[in-house]
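These protein sequence lines are chains A and B, in that order.
Mapping of the first sequence onto the numbering used here: position 14 corresponds to residue 14, and the numbering continues sequentially without gaps.
Mapping of the second sequence onto the numbering used here: position 172 corresponds to residue 172, and the numbering continues sequentially without gaps.
No lab work stands behind these hints: they were computed from the structure.
Only a predicted model underlies this, so the values are computations on that prediction, with no experimental measurement involved.
Treat the hints with care, since some could be wrong.
Repeated chains share a single entry, so a pair holds when one copy, or any two copies, can fit it.
Stated by the list, open to error - Derived BS3-like pairs (lysine-lysine); straight-line CA-CA distance at most 27 Å:
hint	residue 1	residue 2
1	Lys105	Lys221
2	Lys90	Lys213
3	Lys318	Lys43
4	Lys90	Lys105
5	Lys102	Lys43
6	Lys105	Lys212
7	Lys122	Lys353
8	Lys262	Lys206
9	Lys311	Lys353
10	Lys108	Lys284
11	Lys53	Lys311
12	Lys353	Lys105
13	Lys311	Lys43
14	Lys120	Lys213
15	Lys90	Lys212
16	Lys310	Lys43
17	Lys318	Lys262
18	Lys108	Lys221
19	Lys213	Lys105
20	Lys105	Lys88
21	Lys213	Lys88
22	Lys129	Lys262
23	Lys43	Lys3
24	Lys206	Lys311
25	Lys3	Lys154
26	Lys105	Lys340
27	Lys88	Lys351
There are 2 protein chains.
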Amino acid sequence: MRKHNFGAGPGILPESALHKTREAIIDFNGIGMGVMEISHRSKEFEAVLDRTKSLVKELLKVPDTHEVLFLQGGASQQFAMIPMNFLKTKAAYLDQGAWSSKAIKEAKNIGEVVVLASSKDKNYCYQPKGYSIPQDVDYLHICSNETIHGTQVKIFPSSPVPVICDMSSDIFSRPVDVSKFDVIYAGAQKNMGPSGVTLVIIRKDKAGTHGKKLPAIFDYKTHLDNNSLYNTPPVVSILVCMYTLEWLKEQGGVEGIEKINKQKADWFYGEVDSNPMFYGTADKEDRSPMNACFLLSDSSQDEEFLHATKKANIVGIKGHRSVGGFRASMYNALPFESVKMLVEVMKEFAKVKS
Amino acid sequence: MRKHNFGAGPGILPESALHKTREAIIDFNGIGMGVMEISHRSKEFEAVLDRTKSLVKELLKVPDTHEVLFLQGGASQQFAMIPMNFLKTKAAYLDQGAWSSKAIKEAKNIGEVVVLASSKDKNYCYQPKGYSIPQDVDYLHICSNETIHGTQVKIFPSSPVPVICDMSSDIFSRPVDVSKFDVIYAGAQKNMGPSGVTLVIIRKDKAGTHGKKLPAIFDYKTHLDNNSLYNTPPVVSILVCMYTLEWLKEQGGVEGIEKINKQKADWFYGEVDSNPMFYGTADKEDRSPMNACFLLSDSSQDEEFLHATKKANIVGIKGHRSVGGFRASMYNALPFESVKMLVEVMKEFAKVKS
Chain A
1 MRKHNFGAGP GILPESALHK TREAIIDFNG IGMGVMEISH RSKEFEAVLD
51 RTKSLVKELL KVPDTHEVLF LQGGASQQFA MIPMNFLKTK AAYLDQGAWS
101 SKAIKEAKNI GEVVVLASSK DKNYCYQPKG YSIPQDVDYL HICSNETIHG
151 TQVKIFPSSP VPVICDMSSD IFSRPVDVSK FDVIYAGAQK NMGPSGVTLV
201 IIRKDKAGTH GKKLPAIFDY KTHLDNNSLY NTPPVVSILV CMYTLEWLKE
251 QGGVEGIEKI NKQKADWFYG EVDSNPMFYG TADKEDRSPM NACFLLSDSS
301 QDEEFLHATK KANIVGIKGH RSVGGFRASM YNALPFESVK MLVEVMKEFA
351 KVKS
Chain B
1 MRKHNFGAGP GILPESALHK TREAIIDFNG IGMGVMEISH RSKEFEAVLD
51 RTKSLVKELL KVPDTHEVLF LQGGASQQFA MIPMNFLKTK AAYLDQGAWS
101 SKAIKEAKNI GEVVVLASSK DKNYCYQPKG YSIPQDVDYL HICSNETIHG
151 TQVKIFPSSP VPVICDMSSD IFSRPVDVSK FDVIYAGAQK NMGPSGVTLV
201 IIRKDKAGTH GKKLPAIFDY KTHLDNNSLY NTPPVVSILV CMYTLEWLKE
251 QGGVEGIEKI NKQKADWFYG EVDSNPMFYG TADKEDRSPM NACFLLSDSS
301 QDEEFLHATK KANIVGIKGH RSVGGFRASM YNALPFESVK MLVEVMKEFA
351 KVKS
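Just chain A, same shape as in the assembly (with noise of 0.2 Å):
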């Protein structure tokens, strides 16, 4: 019996996904050896490198002037690469929760950063809105959706430097006009694949202008250069984004997923704002429809409510740490079924309550 998982990530994965990587694991495609075993260099990865690819081109609609990069270390990477590659004297960010703190701290290491705007006075509860852009920065760096204070951005600002953005909670959930973006990464293991393995999207001209010494790994440019070969590279865990990535064309691409991740939210947050047990905490226009924080209006019952949970087969429904409470991670891959089940438990506890 499958759980019905709304872990924040690493998260859910399409059984279809799971189902050929296992067929992958002892004998990859009848060639007497498996996935793991096969060097990088040889022809059957470099089928899947290759259809990994395309799938993310094919998907998200990426334009000739950007290029698809494997590389490794997550987002937590992302922000020092970022500077490294980008920032020469100044770089605007918005201050949007946990994860761009992180990648602002990284990014006063080296150079000079101005915030924008941040939403830290309500504890992140809404994505910052009506600040101005200066033109005199590198580029601006965006979070489009914090994962730990569930907030989404819904419309990205029309930017006059470079924008960069971090997707790696809501990548592959919606249409994204890649063109706008000179950077996009995103850890996989969320919307993608498993942990282990970064997409990063790149504008091919910008790649490698940083006029500064970086450490080969480091830079941008030799992964463009190398076609995400320089070093040898997570081999499974391509193989896995691309078969999630084949699921996920065959429920009508992001167009499709949009849908059905909307329609998964709007189960849940009606129930969240119906039912006098629970409250979101994030601001109702900035609600993610990928990470719903939510609180019981007596936290005193959080235990009883998590036992219910437990018993119905849902686990990953904690806070994250640094915040607390509740947390429903609706993922791609979760079934409609799993939001079901949640609210269904959330309606039966407040039946026994009141």
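Since the structure of chain A is provided, determine the placement of chain B on it from the hints.
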């Protein structure tokens, strides 16, 4: 039918590790989720991380002065992180082959480098010896086994300065006195597991002594303080390492596998030395039991020999694209039977051709 996989890495893994991994993909330990779907902060993964660390410590007899870390980016990332963390004024390197050269290049980017000795004059067919180690350098960097050129350091030098060692291609193949090294690092994809995870064994009191403003993620102290959980680790890759090290323990640990590795190497090099059709490229005293580089006496027969090996289900024996010829990588998990098969093909080839 499993292939005889002589690939240089990612290379062959123990069948038992593959079988266990296969079982973990859809339902890990009966928890209703696959291993790639669980949080890196779950008790399930905590147990995996703890056990993998313990196995590393037990198998390599890691003293209490040292800690075991699991990072990402492979040895290539360590080439940069080592000088970032330890090169203050000057560092000494040995130029032992293609990989050392890359490490030297990255170190030069960061500070002054003294190359103590080089075997480049003879295309790296031997290990430099008899060099003297200056007292005024921050560290000496060594590569214990040159995967591309097929040579191995048999006796590590007594050093007046800290020694840092890239053991990517022979870690866990023989006992090593960890206490003699400040840092040992290794990409996992040869003797430890799949690509996507990097083992670092570091003297705890040396981490964070750089006195620089390093990005948090490139500072060993960050990972030491966070038990390798500063960023999301490559969960499934670490699990495969655990299963691989469990298998190694069953083989009698590094002491047991060293004997088997010696048998395999003796069998193979014995044929190379007695069969007039072939010759080894590395100096006999420096030959690596892990990677055996060899050429045909008549290179016009290369294709024919390759064809003969293919017919015998042998794969991965082409030499590195930078040096050509042939290379038989005989990592821990390669069965003796595979070496026997290759030797039989070599014998048969000589018979047919003479």
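Now the hints, each set against the structure:
1. Lys105 with Lys221: both (24 Å within a copy, 17 Å between copies)
2. Lys90 with Lys213: Both ways: Lys90 and Lys213 sit 18 Å apart in one copy and 18 Å across, limit 27 Å.
3. Lys318 with Lys43: For Lys318 and Lys43, the Cα distance is within 27 Å only across copies (14 Å; inside one copy 43 Å).
4. Lys90 with Lys105: Within one copy, since 14 Å is at most 27 Å while 29 Å is not.
5. Lys102 with Lys43: between (39 Å within a copy, 25 Å between copies)
6. Lys105 with Lys212: both (20 Å within a copy, 15 Å between copies)
7. Lys122 with Lys353: Close neither inside one copy (30 Å) nor across copies (81 Å); limit 27 Å.
8. Lys262 with Lys206: Answer is neither: 35 Å inside a copy and 51 Å across each miss the 27 Å cutoff.
9. Lys311 with Lys353: within (17 Å within a copy, 72 Å between copies)
10. Lys108 with Lys284: neither (32 Å within a copy, 53 Å between copies)
11. Lys53 with Lys311: neither (41 Å within a copy, 33 Å between copies)
12. Lys353 with Lys105: Neither: 44 Å inside a chain and 67 Å across chains, both beyond 27 Å.
13. Lys311 with Lys43: Classified as between; 18 Å across copies, 47 Å inside a copy.
14. Lys120 with Lys213: between (35 Å within a copy, 26 Å between copies)
15. Lys90 with Lys212: both (15 Å within a copy, 21 Å between copies)
16. Lys310 with Lys43: between (45 Å within a copy, 15 Å between copies)
17. Lys318 with Lys262: Within one copy only: 22 Å inside a chain, 52 Å across chains, cut-off 27 Å.
18. Lys108 with Lys221: Both: 23 Å inside a chain and 19 Å across chains, each within 27 Å.
19. Lys213 with Lys105: The answer is both: 22 Å in one copy and 12 Å across copies each meet 27 Å.
20. Lys105 with Lys88: Both. Shortest intra-copy (16 Å) and inter-copy (24 Å) distances satisfy the 27 Å Cα cut-off.
21. Lys213 with Lys88: The answer is both: 13 Å in one copy and 17 Å across copies each meet 27 Å.
22. Lys129 with Lys262: Close inside one copy (23 Å), not across copies (67 Å); limit 27 Å.
23. Lys43 with Lys3: between (37 Å within a copy, 16 Å between copies)
24. Lys206 with Lys311: neither (52 Å within a copy, 48 Å between copies)
25. Lys3 with Lys154: Classified as neither: same-chain Cα gap 30 Å, cross-chain 51 Å, threshold 27 Å.
26. Lys105 with Lys340: neither (39 Å within a copy, 57 Å between copies)
27. Lys88 with Lys351: Classified as neither: same-chain Cα gap 59 Å, cross-chain 66 Å, threshold 27 Å.
When each numbered hint is compared with the structure, violations occur for hints 7, 8, 10, 11, 12, 24, 25, 26 and 27.
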